[in-house]
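Enquirer: Residue numbers (this note's numbering), protein chains in the order written: chain A, 1 to 148; chain B, 149 to 447.
These aren't lab readings, by the way, just hints derived from the structure by calculation.
Misleading hints may appear alongside valid ones.
[Unchecked claim] What follows is a set of in silico ranges between Cβ atoms, one per label pair, in the way DEER data are often shown: (1) B/LYS383 <-> A/LYS92: 54 to 62 angstroms; (2) A/ASP67 <-> B/GLU360: 50 to 58 angstroms; (3) A/GLU126 <-> B/LYS225: 36 to 44 angstroms; (4) B/ASP232 <-> A/GLU126: 29 to 37 angstroms; (5) B/GLU360 <-> A/LEU131: 37 to 45 angstroms; (6) B/GLU447 <-> A/ASN143: 33 to 41 angstroms; (7) B/LEU290 <-> A/GLU126: 51 to 59 angstroms; (8) B/LYS383 <-> A/ASN143: 21 to 29 angstroms.
We put the beta carbon where it would ideally sit given N, CA and C, even for glycine.
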Amino acid sequence: MDKTLKVQKIEEGTVIDHIEGGKAWEVIKLLGLDDYPATVTVLSRVNSKSKGKKDIIKIEGSELDKDDLDRVALVSPHASVNVIAGCGIKKKYNVEIPDSVKGILKCTNPNCVTHSEAVLGQFKVESKDPLRLRCIYCERAQNGLEFK
Amino acid sequence: MDFVSTREESKELIESVLADAAKYDSDKDFTKQATGKILGTLFFEPSTRTQFSFQCAMERLGGSVVGFSSIAGTSVKKGESLLDTVRMFGGYVDAIAMRHSLEGSSKLASEVSPVPIINAGDGSHDHPTQSLLDLYTIRKSLGDFNNLRIGICGDLRYGRTGRPLSIALSNWDVNITYISPPALSMDRGTVRYLKGKGMDVREVVKLDDAIEELDVLYMTRIQRERFPSEEDYKKYAGAYVVDGGLMDKANENMILMHPLPRIDEIRPEVDNDPRAKYFEQAKNGIPTRMAVIMKALFE
């Protein structure tokens, strides 16, 4: 009996493809998929024609909203998204780093007012490659990414 | 209009403030233009020059001032948020000048305040009216900014004046020399920003290596309150001192500036040197802040 477990197609949901190799786990955490009640399939470090190694995440029964897509883009800017319906691709697009980021990152400056007041962190994207963000409040260039 | 960020000030706005400051400086008939207006001075951190010069500027304009100079005795002490305090004061006054230890506090306040916000210092981030009065002092003493060689010395990392002054100066073709110990050097993000705007930026450790070529030497205090321990503070305090001997090496037209208060970094023997401009610089805070208050109230 063949015991090989094949990765099955999903009927309805989303496939995030071309995630930078090894970054799928970070994306899972950022999208809250570790608590997701339906099936999530992760393929890590699979061969890619154009990118060497890539990760893939298949999410049964869910589409990504703008906030989710911004998170994916910040971690893996070359990722692509396939929206699946009836086992077929309904829509396909690449994620894109937005011009501004609101509500999903914390400022890396510990003396920034956003850590003390009830306000969402907001950042201007000054460069997409390499990624450079600046807090619109304290105006500090961000030293890495700290997700909320 | 708000004055919360030097980075967001256009060259045209800066020129307009400097021109207005010159008018207020020379012609006392410009007073009484803000009669009936009230400026709120919300100083969550103590200040001498900034708070009192805002107060004097508003009174010279014919307006009045209410506010506090520390959080003792205010609702902030009871736990009221910054934003609630600003919203509340915004219902009482026509403009707010605010100092706070947290960086970005003025920008955030401007998002909820019903009246204009003037940033009077937010942590180590910015101090826009100080930069404007510094520019006014340079303009008054040396004229055109272009081609000036400006040295900024001392605590460039924790100080709140060197960074915004540099950013304001990046609107002109000036050369900046930063003079500091490596541990207190200007942050890389600011240096990159200035170079990106085409500015010539040099960094040295010894004041002696720069003094002879400067048109402006801007000294800053090593700030005790910015250090985690007295030991750390003592390590750097006194590292840079301007005395008669150093001034002998300086250009005869160089001007010596300091945002004050000074501790040991400028010896009293230098005070009578005609190149010492720091007390005049402090005085220039009045016409400059008059210009800023008027723009905040009416533009």
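Enquirer: None of the hints should be skipped; say for each whether it holds.
Expert: A quick look at each hint next to the structure:
1. B/LYS383 <-> A/LYS92: 54 to 62 angstroms: holds (59 angstroms)
2. A/ASP67 <-> B/GLU360: 50 to 58 angstroms: Holds: the Cβ-Cβ distance is about 56 angstroms, inside 50 to 58 angstroms.
3. A/GLU126 <-> B/LYS225: 36 to 44 angstroms: holds (38 angstroms)
4. B/ASP232 <-> A/GLU126: 29 to 37 angstroms: holds (32 angstroms)
5. B/GLU360 <-> A/LEU131: 37 to 45 angstroms: About 42 angstroms separates the Cβ atoms of B/GLU360 and A/LEU131, which means 37 to 45 angstroms holds.
6. B/GLU447 <-> A/ASN143: 33 to 41 angstroms: holds (36 angstroms)
7. B/LEU290 <-> A/GLU126: 51 to 59 angstroms: Violated, since B/LEU290 and A/GLU126 (Cβ atoms, about 33 angstroms apart) do not stay within the stated range.
8. B/LYS383 <-> A/ASN143: 21 to 29 angstroms: holds (25 angstroms)
Hint check: a violation occurs at hint 7 only; the rest are consistent with the structure.
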